[in-house]
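Let the hints inform the model, and build the full structure from the sequences given.
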Amino acid sequence: MSLATALKSGDLAELPARRDEGWRWTDLRGLIRAVPPASPPLTVGTAGPFAAIDGETIVFGNGQRADGGTDLSFVAERDMTLQLRFVSDAINASQASTVAIDIGAGVSLVLLESHEGAGDYIASVEIGLEVERGAHLTRIVLVDEPADAILVSEARVVLHPGATFHQTILTTGGRRQRIETVVTHPGAGGSVRMDGVYLLGDRRHADITTEVTHARPDGVTNQLVKGCVSGQARAVFQGRIIVAKGADGTDAKMGHHGLILSERAEIDAKPELEIYADDVACAHGNTVGALDEEAIFYARSRGIPEAEARAMLTQAFVGEVVDRIEHDGARDVARAWVAKRLGGEA
Amino acid sequence: MLSIQNLHVRVGETEIIKGLSLDVPAGEVHAIMGPNGAGKSTLSYSLAGRPGYEVTAGSASLNGDDLLSLDPSERAAKGVFLSFQYPLEIPGVPGLTFLRTALNAQRKARGEDEVAAPAFLKLVRAQAAALKIDFEMLKRPLNVGFSGGEKKRMEILQMAVLSPRLLILDETDSGLDIDALRIVSEGVNAMRAPDRAMLVITHYQRLLDYIKPDRVHVLADGRIVASGGPELAHELEREGYDPILRQGAGKQAHLSAEAQGA
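Line by line, the protein sequences are chains A and B. At position 95 of the first sequence the residue is numbered 95 (my numbering), and the sequence of numbers has no breaks. Each position in the second sequence, counted from 1, maps to that position plus 346 in my numbering.
These aren't lab readings, by the way, just hints derived from the structure by calculation. Please note: incorrect hints may appear among the correct ones.
Unchecked claim - Calculated pairs, SDA-like style, for lysine to any residue (alpha carbon to alpha carbon, straight line, at most 25 angstroms):
{"#": "1", "chain 1": "B", "residue 1": "K485", "chain 2": "A", "residue 2": "A336"}
{"#": "2", "chain 1": "B", "residue 1": "K485", "chain 2": "A", "residue 2": "E320"}
{"#": "3", "chain 1": "A", "residue 1": "K340", "chain 2": "B", "residue 2": "K497"}
{"#": "4", "chain 1": "A", "residue 1": "K340", "chain 2": "B", "residue 2": "A455"}
{"#": "5", "chain 1": "A", "residue 1": "K340", "chain 2": "B", "residue 2": "E460"}
{"#": "6", "chain 1": "B", "residue 1": "K485", "chain 2": "A", "residue 2": "R324"}
{"#": "7", "chain 1": "A", "residue 1": "K253", "chain 2": "B", "residue 2": "L484"}
{"#": "8", "chain 1": "B", "residue 1": "K485", "chain 2": "A", "residue 2": "E293"}
{"#": "9", "chain 1": "B", "residue 1": "K364", "chain 2": "B", "residue 2": "H376"}
{"#": "10", "chain 1": "B", "residue 1": "K454", "chain 2": "A", "residue 2": "A311"}
{"#": "11", "chain 1": "B", "residue 1": "K485", "chain 2": "A", "residue 2": "K8"}
{"#": "12", "chain 1": "A", "residue 1": "K253", "chain 2": "A", "residue 2": "R341"}
{"#": "13", "chain 1": "B", "residue 1": "K454", "chain 2": "A", "residue 2": "I296"}
{"#": "14", "chain 1": "B", "residue 1": "K497", "chain 2": "A", "residue 2": "A316"}
{"#": "15", "chain 1": "B", "residue 1": "K497", "chain 2": "A", "residue 2": "I296"}
{"#": "16", "chain 1": "B", "residue 1": "K497", "chain 2": "B", "residue 2": "E435"}
{"#": "17", "chain 1": "B", "residue 1": "K454", "chain 2": "B", "residue 2": "L484"}
{"#": "18", "chain 1": "B", "residue 1": "K454", "chain 2": "A", "residue 2": "E320"}
{"#": "19", "chain 1": "B", "residue 1": "K454", "chain 2": "A", "residue 2": "K8"}
{"#": "20", "chain 1": "B", "residue 1": "K485", "chain 2": "A", "residue 2": "D328"}
{"#": "21", "chain 1": "B", "residue 1": "K485", "chain 2": "A", "residue 2": "W337"}
{"#": "22", "chain 1": "B", "residue 1": "K478", "chain 2": "B", "residue 2": "R511"}
{"#": "23", "chain 1": "B", "residue 1": "K497", "chain 2": "A", "residue 2": "E274"}
{"#": "24", "chain 1": "B", "residue 1": "K478", "chain 2": "B", "residue 2": "A539"}
{"#": "25", "chain 1": "A", "residue 1": "K340", "chain 2": "B", "residue 2": "P440"}
{"#": "26", "chain 1": "B", "residue 1": "K485", "chain 2": "A", "residue 2": "E308"}
{"#": "27", "chain 1": "B", "residue 1": "K485", "chain 2": "A", "residue 2": "E306"}
{"#": "28", "chain 1": "A", "residue 1": "K340", "chain 2": "B", "residue 2": "K478"}
{"#": "29", "chain 1": "A", "residue 1": "K340", "chain 2": "B", "residue 2": "R446"}
{"#": "30", "chain 1": "B", "residue 1": "K454", "chain 2": "A", "residue 2": "E306"}
{"#": "31", "chain 1": "B", "residue 1": "K485", "chain 2": "A", "residue 2": "D332"}
{"#": "32", "chain 1": "B", "residue 1": "K485", "chain 2": "A", "residue 2": "I296"}
{"#": "33", "chain 1": "A", "residue 1": "K8", "chain 2": "A", "residue 2": "L42"}
{"#": "34", "chain 1": "A", "residue 1": "K340", "chain 2": "A", "residue 2": "A316"}
{"#": "35", "chain 1": "A", "residue 1": "K340", "chain 2": "B", "residue 2": "P487"}
{"#": "36", "chain 1": "B", "residue 1": "K497", "chain 2": "A", "residue 2": "E308"}
{"#": "37", "chain 1": "B", "residue 1": "K454", "chain 2": "B", "residue 2": "S509"}
{"#": "38", "chain 1": "A", "residue 1": "K340", "chain 2": "B", "residue 2": "R511"}
{"#": "39", "chain 1": "B", "residue 1": "K454", "chain 2": "A", "residue 2": "R341"}
Here you go:
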């Protein structure tokens with residue numbers, strides 16, 4: 001049961017619905033009344049958000065490779081930066097993209113993934129990431145979709161011993177949007193970072209769902225997701241960390257902190273730690289609140305106009321997540337993008 | 347320079363300032379003293395424009411500009427600076443970023459050019475050194491985890507960099523040890539200027555040993571009940587507020603009788 005299956009079969013019953021526990025805040029069956037026809041092929045003329053950073057590029061246009069290539073699987077055999085772009089432009093149409101990337105043993109890959117588009121399409125993106133022994137994957141996901149688009153992105157990440165995986169998702173949401181990441185963590189000192197930022201306005205929706213399974217001892221997972229909602233926007237955070245029996249010495253931290261900037265905006269959060277091992281260090285924190293009005297007045301009293309003060313404090317709030325991006329170029333792009341979206345200065 | 351006429355301020359349902367009038371000419375330092383609950387902080391917040399402080403009557407102007415009709419940030423651009431009794435922590439915003447944003451916002455509001463980064467840093471470095479603030483501290487989020495004394499010094503630094511026309515110091519001495527008090531006071535004294543006025547709000551006379559006022563006013567129950575020279579502060583320190591308050595109450599009673607007679 002998934003959006004991808006529903007698009008393939010045309011069977012609406014395959015769509016995840018409210019009564020499915022993992023989808024109760026991101027109902028698709030109640031939203032999608034008919035499976036629209038497949039999107040037409042798309043020629044992509046624009047440069048992506050990470051264009052300033054050197055590296056190879058794979059472009060999908062409306063679900064098809066749009067860069068001359070045809071392969072849907074890719075192997076990184078040397079250290080590299082790869083831009084993976086999903087560009088959509090369609091009206092009442094749907095598309096499904098699938099891509100698999102294998103990061104070779106000991107290789108370091110910086111994956112700069114972007115989702116951009118125009119129109120009111122339904123898109124499904126399935127990504128398989130295999131991180132071999134001692135390899136390192138940094139994945140930055142920048143989701144900048146139109147307000148009427150529906151997107152479900154599902155990444156399955158398998159880490160082999162000694163591999164590390166650091167991810168940061170940044171999104172402004174869509175009509176309904178789910179960014180899901182499922183990670184199998186081999187332990188053995190490997191570190192996983194699963195960060196995210198959501199900046200939602202108007203009637204936008206975004207759902208950041210993650211699941212990390214610590215299958216073996218001595219793995220580290222650190223997660224920090226922050227965001228803000230205004231207008232009638234709705235953010236969903238579902239974070240699950242599973243520590244399997246025998247995965248002793250696991251060190252897992254999960255934090256989700258949201259800002260509600262208007263009365264009709266909403267944040268739904270479900271942080272879950274499922275621990276079946278005995279000797280672990282696990283912690284989670286979850287807060288949802290408003291901007292500190294006293295701090296706003298303090299900034300105003302120094303001469304900073306109210307809107308600018310709010311933008312500055314909101315930017316600082318989510319900036320903590322952006323600052324954790326190790327890749328300098330990606331961090332700069334993320335910082336500027338957040339500043340622009342929040343109407344402040346970089 | 348600062349002119350307050352018959353100011354009435356309500357917070358929620360309660361009237362706190364009840365007909366306060368005060369003039370502070372350019373170049374002068376005026377102290378406002380008074381017992382707890384007299385309305386000292388309410389006065390400073392009202393002048394800065396804090397939301398929730400509702401002015402129901404009266405006026406307050408700075409160099410002829412009506413302050414009460416302006417947004418807090420516009421008041422700052424006109425030259426109002428309130429040094430907070432309890433400075434706020436600003437998570438995630440380095441002190442330097444905050445200060446530069448504030449300075450440039452004020453300059454923009456006044457139609458002036460932004461200050462360039464090198465000139466700004468030079469200015470801040472000099473002021474920080476004078477206040478014995480480690481420059482590295484300015485790279486940390488403003489006031490986050492700072493001690494009471496560090497926060498107060500940071501207030502004075504902001505004041506020195508923003509170079510306001512009217513300085514309102516709200517209980518700046520609270521939480522300061524003697525050394526910090528001396529450093530902070532020297533910082534304030536360095537800002538005395540013919541085109542600048544200061545309102546020093548304090549509960550104790552101690553601060554006024556360091557920052558010498560030209561005039562001392564006693565604020566009680568929302569009004570100025572007595573005014574005098576610097577000696578008034580010493581009198582208050584010696585005898586407490588009671589004698590003056592009794593006198594003030596008598597004067598009020600006398601005035602009302604006069605009003606009735608007229």
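Quick rundown of the hints versus the structure:
1. B:K485 with A:A336: holds, 20 angstroms
2. B:K485 with A:E320: holds, 15 angstroms
3. A:K340 with B:K497: Since the Cα atoms of A:K340 and B:K497 sit roughly 31 angstroms apart, the hinted pair is violated (cutoff 25 angstroms).
4. A:K340 with B:A455: holds, 22 angstroms
5. A:K340 with B:E460: The hint holds at about 20 angstroms.
6. B:K485 with A:R324: It holds: about 17 angstroms lies between the C-alpha atoms, which stays within 25 angstroms.
7. A:K253 with B:L484: Not OK: A:K253 and B:L484 at ~30 angstroms, beyond 25 angstroms, violated.
8. B:K485 with A:E293: The given pair, whose Cα atoms are some 23 angstroms apart, holds under the 25 angstroms limit.
9. B:K364 with B:H376: holds, 20 angstroms
10. B:K454 with A:A311: holds, 17 angstroms
11. B:K485 with A:K8: violated, 54 angstroms
12. A:K253 with A:R341: Violated: A:K253 and A:R341 sit about 28 angstroms apart, past 25 angstroms.
13. B:K454 with A:I296: Holds, because 19 angstroms separates the two Cα atoms, which is no more than 25 angstroms.
14. B:K497 with A:A316: Measuring from Cα to Cα gives roughly 20 angstroms; hence the hint holds.
15. B:K497 with A:I296: holds, 17 angstroms
16. B:K497 with B:E435: holds, 9 angstroms
17. B:K454 with B:L484: Given that 25 angstroms is the threshold and the Cα spacing comes to 23 angstroms, the pair holds.
18. B:K454 with A:E320: violated, 28 angstroms
19. B:K454 with A:K8: Not OK: B:K454 and A:K8 at ~56 angstroms, beyond 25 angstroms, violated.
20. B:K485 with A:D328: holds, 19 angstroms
21. B:K485 with A:W337: holds, 23 angstroms
22. B:K478 with B:R511: Status holds; Cα separation ~24 angstroms.
23. B:K497 with A:E274: Given pair B:K497, A:E274 is violated - Cα atoms ~43 angstroms apart, limit 25 angstroms.
24. B:K478 with B:A539: holds, 22 angstroms
25. A:K340 with B:P440: holds, 19 angstroms
26. B:K485 with A:E308: Roughly 20 angstroms between the alpha carbons, so the hint for B:K485 and A:E308 holds.
27. B:K485 with A:E306: With a Cα-Cα distance of about 23 angstroms, the restraint between B:K485 and A:E306 holds, given a limit of 25 angstroms.
28. A:K340 with B:K478: violated, 37 angstroms
29. A:K340 with B:R446: holds, 19 angstroms
30. B:K454 with A:E306: Given that 25 angstroms is the threshold and the Cα spacing comes to 14 angstroms, the pair holds.
31. B:K485 with A:D332: holds, 19 angstroms
32. B:K485 with A:I296: holds, 20 angstroms
33. A:K8 with A:L42: holds, 19 angstroms
34. A:K340 with A:A316: Roughly 13 angstroms between the alpha carbons, so the hint for A:K340 and A:A316 holds.
35. A:K340 with B:P487: Answer holds: A:K340 to B:P487 is near 21 angstroms, not above 25 angstroms.
36. B:K497 with A:E308: holds, 23 angstroms
37. B:K454 with B:S509: holds, 15 angstroms
38. A:K340 with B:R511: This hinted pair is violated, its Cα atoms lying about 34 angstroms apart.
39. B:K454 with A:R341: OK: B:K454 and A:R341 at ~22 angstroms, within 25 angstroms.
Comparing the model with each earlier hint shows violations of hints 3, 7, 11, 12, 18, 19, 23, 28, 38; every other hint is respected.
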